[in-house]
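Novice: Sequence:
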Amino acid sequence: MEKDILLFRQIHPSFVQNNGVSNQAFVTSSAFKPTPKDDNKLSVYNSAFFDAKQAFEHYVKSNKSYGVLAVSVDDCESEELLCIDDNHPFEGHASIDYSRHPSNSRKEKIAKRIRDKAMIRKWQYTLATYESDLKVDNMVEVVANDTETT
0 MEKDILLFRQ IHPSFVQNNG VSNQAFVTSS AFKPTPKDDN KLSVYNSAFF DAKQAFEHYV
60 KSNKSYGVLA VSVDDCESEE LLCIDDNHPF EGHASIDYSR HPSNSRKEKI AKRIRDKAMI
120 RKWQYTLATY ESDLKVDNMV EVVANDTETT
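Here the sequence shown stands for residues 0 to 149, numbered as in numbering that gives the first Met the number 0.
One thing to keep in mind: the hints can contain errors.
In the EDC-like style, the derived pairs of lysine to aspartate or glutamate whose C-alpha atoms are separated by at most 16 Å in a straight line are [claimed, not checked]:
no.: 1; residue 1: LYS52; residue 2: ASP132
no.: 2; residue 1: LYS121; residue 2: ASP50
no.: 3; residue 1: LYS60; residue 2: GLU130
These are computed hints drawn from the structure, not numbers from a lab.
Please work from the sequences and hints to get the whole structure.
Specialist: Here it is as structure tokens:
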């Protein structure tokens, strides 16, 4: 994968405090720490296929998300994390592979640094933005309907 590709990570609302993210957000998929069940991989969206809004909308069809943070492939590779463009279970899916780091304490340290890099980039898209977009879309639709009837 190209070094400048962004990898969008969905952040569950329980991992957000005061608009910031606990270090656990980049460590697992449900409790945000890779487990043997996860094969030591974090699920992310590849920015070559999705922008942050599209990734959020795709994810919230069946899951909860506070919002989307992003790290680059270069950010991950600088921590010796492998980025895999696996396109599974959907086109545009990628994984951040922590398997080179078997120690839980090492994974947690890396997760903190990855989280910090993501927070420097700031939220790419949030539930609040999504709700605001929906309100605007609904207002535009109402105005369009009013215009058609007059």
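Novice: Within a Cα-Cα threshold of 16 Å, do LYS60 and GLU130 meet the stated pairing?
Specialist: holds (14 Å)
Novice: Checking one constraint from the list: CA of LYS52 to CA of ASP132, max 16 Å. Satisfied?
Specialist: holds (10 Å)
Novice: Does the alpha-carbon distance linking LYS121 and ASP50 stay inside the 16 Å limit?
Specialist: OK: LYS121 and ASP50 at ~15 Å, within 16 Å.
The earlier numbered hints are all upheld by this structure, with none contradicted.
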